[in-house]
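Asker: Sequence order for the protein chains is P and W. Heads up: the first sequence is residues 1 to 222, going by the working numbering. Heads up: the second sequence is residues 1 to 222, going by the working numbering.
Since the hints were made in silico from the structure, they are not lab data. Keep in mind that the hints are not guaranteed to be accurate.
Intra- or inter-copy, both count: the list cannot distinguish identical chains.
Unchecked claim - With a Cα cut of at most 25 Å, we get these calculated BS3-like pairs of lysine-lysine:
#	residue 1	residue 2
1	Lys220	Lys157
2	Lys157	Lys123
3	Lys37	Lys90
4	Lys201	Lys220
5	Lys90	Lys101
6	Lys13	Lys157
7	Lys201	Lys123
8	Lys13	Lys123
9	Lys37	Lys123
10	Lys220	Lys13
11	Lys157	Lys101
12	Lys101	Lys37
13	Lys101	Lys13
14	Lys220	Lys101
15	Lys13	Lys90
16	Lys37	Lys157
2 protein chains.
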Amino acid sequence: MHFTRESLGQLDKRYRTQLINSLSGFKSANLIGTSDKTGQTNLAIVSSVFHLGANPPLMGLIFRPHSVPRHSLQNILETGIFTINQVSEKIYRQAHQSSAKYTQEQSEFNEVGLEAAYLADFKAPFVAESSVKIGLSLVENQTLAVNNTELVIGEIKHIFVPENAIKADGYLDIEGLETVALSGLDSYHVTHRMERLSYAKPNQTLSQLTINGEFSRIHKVG
Amino acid sequence: MHFTRESLGQLDKRYRTQLINSLSGFKSANLIGTSDKTGQTNLAIVSSVFHLGANPPLMGLIFRPHSVPRHSLQNILETGIFTINQVSEKIYRQAHQSSAKYTQEQSEFNEVGLEAAYLADFKAPFVAESSVKIGLSLVENQTLAVNNTELVIGEIKHIFVPENAIKADGYLDIEGLETVALSGLDSYHVTHRMERLSYAKPNQTLSQLTINGEFSRIHKVG
């Protein structure tokens, strides 16, 4: 099946939205925790968090214009901090429900039944039920002229994670923590690891790595 | 386990890179196909492709500074076009091998054993073995001051996808197409769908959707 830029423009809006949202592949599912100056909390699921760099440790995310997470964006701009909390198998329905258009006076924590946790004197709320909790400070935000989405970049200030999920080489076993993946707008998936692969070099065969990053079985590729 | 900004700075570099790369959750795995003005092709796996908007249909991705995909970036800037091709279970080892530091004169297509396909008179090469092939034109690129990564935004000009993978409401069943998810730098995962969930509204119970987007079972949440 072949769609062109023109035929995409003629599709029903919802159909097109579903289709285009599936094209990037699997997406991360994270809850963004914020509060305003008065301490009123807000929680929003986003599928747009991405790794930006390890040193300095940076993460980025996209907020769509006029979407529900605008409350989150306002809070981030107001306080300069936010949390990113991975969505797991145990809480994905609550996480999805947080995308409903609650008023600014309602806290999604209460509405969907998740607990705000305050850790290490960080002023933004973490999600108690989340195994991977990250506290960030805002370092840059900009409106992308191309469609008025907002790019937000945060620097990692705190990471809370179960110690046994960190493997010998620093790899975090998020599958073991039951972190879910998203596809499209609304499909939630658990994962099954096929393998970790060694760092690729020209003219060298790939190896399978153990979960701890040690060399295991050799693969012939190419 | 609690890491602070300071303790992260004291970690071994590779350990920190593994850890930070795992924090965003599951990542998409895509192959970026490009060619230079002379037609010399290039292929690079990236985990940073993200959905940016459905109308106009836009996708974004991040190129790290001084990393291998810089050849891809040069080609995109030179020709104004590129392709995004989803990585599936059948080709993930070849896709991973494309991250090796080949010279500009070597084509990763040849080196890893994937086939360049030219479709609909689009000048950038698609990956023949990929089920989801997207042709894009460059609409914006910028260097992010915070760490010199490069943000590239493309507008979708062509989509090639198996017709039976598109469900009644436009949802693309990328799990059915055996698209893989990535975690960290090197871990490849297949997925298992738990369910699709209905559009969330305040004071309304969530429903499970069928793969075609029809209402099925009702869930109580919150």
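Asker: Against this structure, judge whether each hint is valid.
Answerer: Checked hints:
no.: 1; hint: Lys220 x Lys157; verdict: neither (41 Å within a copy, 36 Å between copies)
no.: 2; hint: Lys157 x Lys123; verdict: within (12 Å within a copy, 44 Å between copies)
no.: 3; hint: Lys37 x Lys90; verdict: neither (31 Å within a copy, 51 Å between copies)
no.: 4; hint: Lys201 x Lys220; verdict: within (13 Å within a copy, 51 Å between copies)
no.: 5; hint: Lys90 x Lys101; verdict: within (23 Å within a copy, 41 Å between copies)
no.: 6; hint: Lys13 x Lys157; verdict: between (40 Å within a copy, 17 Å between copies)
no.: 7; hint: Lys201 x Lys123; verdict: neither (44 Å within a copy, 28 Å between copies)
no.: 8; hint: Lys13 x Lys123; verdict: neither (40 Å within a copy, 29 Å between copies)
no.: 9; hint: Lys37 x Lys123; verdict: within (10 Å within a copy, 52 Å between copies)
no.: 10; hint: Lys220 x Lys13; verdict: neither (45 Å within a copy, 29 Å between copies)
no.: 11; hint: Lys157 x Lys101; verdict: neither (30 Å within a copy, 33 Å between copies)
no.: 12; hint: Lys101 x Lys37; verdict: within (21 Å within a copy, 48 Å between copies)
no.: 13; hint: Lys101 x Lys13; verdict: within (20 Å within a copy, 42 Å between copies)
no.: 14; hint: Lys220 x Lys101; verdict: between (51 Å within a copy, 18 Å between copies)
no.: 15; hint: Lys13 x Lys90; verdict: neither (32 Å within a copy, 33 Å between copies)
no.: 16; hint: Lys37 x Lys157; verdict: within (20 Å within a copy, 44 Å between copies)
Violated hints, listed in ascending order, are 1, 3, 7, 8, 10, 11, 15; each of the other numbered hints is respected by the structure.
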